[in-house]
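Novice: Chains as they are written, first to last, in our numbering: chain U, 67 to 338; chain S, 357 to 615.
Be aware that one or more of the hints could be misleading.
According to the in silico footprint, chain S covers these stretches of chain U (three or more CB under 8 angstroms from chain S) [as the list claims (entries may be wrong)]: (1) 194–208; (2) 225–233.
Derived EDC-like pairs: lysine to aspartate or glutamate, alpha-carbon spacing no greater than 16 angstroms straight-line [what the hints assert, rightly or not]: (3) K109(U) to E497(S); (4) K218(U) to E117(U); (5) K123(U) to E497(S); (6) K589(S) to D395(S); (7) K510(S) to E534(S); (8) K551(S) to E534(S); (9) K218(U) to E120(U); (10) K555(S) to D583(S); (11) K454(S) to E175(U); (12) K555(S) to D428(S); (13) K421(S) to D207(U); (14) K411(S) to E615(S); (15) K218(U) to D590(S); (16) K454(S) to E534(S); (17) K532(S) to D583(S); (18) K309(U) to E117(U); (19) K109(U) to E404(S); (20) K218(U) to E534(S); (21) K555(S) to E576(S); (22) K411(S) to D590(S); (23) K562(S) to D583(S).
Keep in mind the hints are simulated off the structure, nothing from the lab. Glycine residues also receive a C-beta, built at the ideal position from the N, C-alpha and C atoms.
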Amino acid sequence: MEPRIKIRSITREKLEENFLASVFGKFFIEVTSLALFTVRFFKEVWRPPYELNELLKQSFLVGYKSFPLVAITGFIIGLVLTIQSRPTLAKFGAVSMLPAMVAVSLIREIGPVITALIFAGKVGSGIGAELASMKVTEQIDAMQVSGTNPFKYLVVTRVLVATVMLPLLAVLADAVGLFGSFAGVNLKGHVSLSFFFSQVFQSVDFNDLLPAIIKTFFFGFAIGLIGCYKGYYANTGTEGVGKAANSAVVFASLMVFIIDMIAVQLTSVYQY
Amino acid sequence: MTENAIPIKSEQDAAQNGSFVVEMVHLRKSFDENQVLRDINLVVHKGENLVILGKSGTGKSVLIKCIVGLIDCDYGTLVIFGEDTSRLSEEQLIAMRKKIGFLFQSGALYDSMTVRENLQFPLRRQERSTPKETMNSLITEALENVGLAKAIDKTPAELSGGMRKRLGLARTLILKPEIMLYDEPTTGLDPITSKEISKLILEVQKTYNTSSVIITHDMECARLTADRIILIKDGMCEAEGSFDELKNSPDAWIRSFFE
Chain U
67 MEPRIKIRSI
77 TREKLEENFL
87 ASVFGKFFIE
97 VTSLALFTVR
107 FFKEVWRPPY
117 ELNELLKQSF
127 LVGYKSFPLV
137 AITGFIIGLV
147 LTIQSRPTLA
157 KFGAVSMLPA
167 MVAVSLIREI
177 GPVITALIFA
187 GKVGSGIGAE
197 LASMKVTEQI
207 DAMQVSGTNP
217 FKYLVVTRVL
227 VATVMLPLLA
237 VLADAVGLFG
247 SFAGVNLKGH
257 VSLSFFFSQV
267 FQSVDFNDLL
277 PAIIKTFFFG
287 FAIGLIGCYK
297 GYYANTGTEG
307 VGKAANSAVV
317 FASLMVFIID
327 MIAVQLTSVY
337 QY
Chain S
357 MTENAIPIKS
367 EQDAAQNGSF
377 VVEMVHLRKS
387 FDENQVLRDI
397 NLVVHKGENL
407 VILGKSGTGK
417 SVLIKCIVGL
427 IDCDYGTLVI
437 FGEDTSRLSE
447 EQLIAMRKKI
457 GFLFQSGALY
467 DSMTVRENLQ
477 FPLRRQERST
487 PKETMNSLIT
497 EALENVGLAK
507 AIDKTPAELS
517 GGMRKRLGLA
527 RTLILKPEIM
537 LYDEPTTGLD
547 PITSKEISKL
557 ILEVQKTYNT
567 SSVIITHDME
577 CARLTADRII
587 LIKDGMCEAE
597 GSFDELKNSP
607 DAWIRSFFE
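Please work from the sequences and hints to get the whole structure.
Specialist: Given below as structure tokens:
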């Protein structure tokens with residue numbers, strides 16, 4: 067029997083063999099590896115089996131369990147933004163614009179970005195640590211050996227759930243944030259709830275809401291993908307778990323700002 | 357090969373291509389500059405327990421991970437059930453893996469699941485249409501076979517080291533594999549539990565008619581379970597024989613394993 071060389075696919079390990087020498091090489095490895103990981107996600111997402119039970123379980127863990135944290139943060143942001151903005155608006159005699167200003171700020175920018183950052187801290191790091199720990203304890207190998215596709219079961223489900231859940235959480239954070247703003251307005255004066263919200267709805271239109279929601283899908287996708295990537299390729303050992311969780315948060319938060327910057331530019335071109 | 361060592365028969369056997377379930381020809385694997393497997397030639401016969409011995413870091417675990425496809429070898433031919441694995445598609449490899457059981461050194465139990473769920477997981481993946489009653493009876497049977505029936509609702513964190521190994525074994529056996537790969541099954545266990553695990557390996561061989569490859573440093577486990585032993589040195593098969601043949605070898609290095 068003739069032995070022969072076997073190259074099944076380009077893998078991270080094969081890339082590392084060639085480029086480990088230089089810093090530029092490491093950066094190239096990371097970017098190429100993440101790109102291959104993303105391509106693999108889009109290949110696997112359409113293929114059966116569809117892990118509905120795992121999707122529901124992750125939706126509960128990622129969405130429902132994150133809601134209290136996101137809601138509290140949203141309420142505080144709405145309250146603080148209102149209190150901090152009041153003196154500046156008062157200088158220009160525009161205190162009546164307070165609900166409108168806070169609503170636009172919250173819905174367009176602060177709500178989605180703060181929710182994404184909270185989400186990156188809670189969910190991105192959680193996914194990174196969970197997958198890294200599964201890798202260290204050979205649970206991912208055990209899945210593979212039992213005929214399960216671990217990428218499909220662990221990565222595809224978590225990325226999909228993060229992509230869908232973050233927009234929902236951002237909308238909820240916006241809503242709770244507006245109630246925080248209402249509380250802030252009422253700390254120094256009296257404004258009825260109906261008047262407050264009539265001011266809010268007059269100032270916010272579809273063009274404020276839609277781009278903000280669309281960008282949260284990208285935030286969620288990036289956070290889920292980076293969390294999974296960092297966990298899936300974690301180094302072995304307990305140190306690897308810590309590093310995976312840490313770098314998942316740092317990298318995902320950075321990506322949130324980069325995506326936000328691109329989204330703002332695109333929205334500006336579209337709107338003006 | 358070391359002078360006076362018992363000669364390797366695998367290479368001649370490989371040419372005959374008889375009742376082998378696994379056949380490795382000139383297998384090599386490196387990690388960066390470290391060549392772990394230099395030239396591995398061996399076969400696993402149907403229904404036999406093959407024990408692989410060697411010093412730490414000689415590539416024993418890498419070797420069985422190549423068999424199950426967790427690691428791709430760099431060079432050489434790996435034939436399982438008569439099929440050259442390098443010619444198989446991903447789907448065919450997954451189908452082949454279903455016939456191979458792997459007991460990890462750490463157990464590799466899913467720690468977010470209970471004992472029952474650990475066994476349900478591989479069953480659901482493979483037989484999605486299995487009725488709940490059939491699944492429950494399979495789980496109960498697998499747990500009874502390894503003496504863990506009472507621990508069905510516990511989590512892996514609540515189990516002792518021996519129980520974790522037995523659960524890992526039950527999870528593998530529930531899929532009725534034709535080849536069992538054991539990666540240091542008795543490491544970290546006391547002598548009594550180690551003996552129980554060794555006996556369990558023999559029972560598995562008889563009950564399920566499996567062929568097994570057992571990586572171990574535990575000589576008592578090797579003595580109890582081995583039909584044949586292969587010694588690995590520097591990434592190559594150094595010697596082969598029964599426990600008694602190797603123990604009484606004229607070669608001092610081979611004998612040193614058994615002293």
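Novice: Decide, hint by hint, whether the structure agrees.
Specialist: Right, here's what the structure says about each hint:
1. 194–208: Per the Cβ count (5), the hint holds.
2. 225–233: Violated, because only 0 residues of the segment 225–233 of chain U bring their Cβ atoms closer than 8 angstroms to Cβ atoms of chain S.
3. K109(U) to E497(S): Given that 16 angstroms is the threshold and the Cα spacing comes to 38 angstroms, the pair is violated.
4. K218(U) to E117(U): Holds: K218(U) and E117(U) sit about 8 angstroms apart, inside 16 angstroms.
5. K123(U) to E497(S): Violated, because 28 angstroms separates the two Cα atoms, which is more than 16 angstroms.
6. K589(S) to D395(S): Holds - the C-alpha atoms of D395(S) and K589(S) are around 11 angstroms apart, at most 16 angstroms.
7. K510(S) to E534(S): The given pair, whose Cα atoms are some 29 angstroms apart, is violated under the 16 angstroms limit.
8. K551(S) to E534(S): violated (23 angstroms)
9. K218(U) to E120(U): holds (10 angstroms)
10. K555(S) to D583(S): holds (14 angstroms)
11. K454(S) to E175(U): Given that 16 angstroms is the threshold and the Cα spacing comes to 50 angstroms, the pair is violated.
12. K555(S) to D428(S): Cα-Cα ~32 angstroms, so violated.
13. K421(S) to D207(U): Holds. K421(S) to D207(U) sits at ~10 angstroms (cutoff 16 angstroms).
14. K411(S) to E615(S): Holds - the C-alpha atoms of E615(S) and K411(S) are around 14 angstroms apart, at most 16 angstroms.
15. K218(U) to D590(S): violated (37 angstroms)
16. K454(S) to E534(S): Holds - the C-alpha atoms of E534(S) and K454(S) are around 9 angstroms apart, at most 16 angstroms.
17. K532(S) to D583(S): This hinted pair is violated, its Cα atoms lying about 21 angstroms apart.
18. K309(U) to E117(U): With a Cα-Cα distance of about 28 angstroms, the restraint between K309(U) and E117(U) is violated, given a limit of 16 angstroms.
19. K109(U) to E404(S): Distance ~41 angstroms between K109(U) and E404(S) Cα, so the pair is violated.
20. K218(U) to E534(S): Given pair K218(U), E534(S) is violated - Cα atoms ~26 angstroms apart, limit 16 angstroms.
21. K555(S) to E576(S): holds (11 angstroms)
22. K411(S) to D590(S): With Cα atoms ~9 angstroms apart, K411(S) and D590(S) stay inside 16 angstroms; holds.
23. K562(S) to D583(S): holds (13 angstroms)
Against the hints set out earlier in the document, violations occur for numbers 2, 3, 5, 7, 8, 11, 12, 15, 17, 18, 19, 20.
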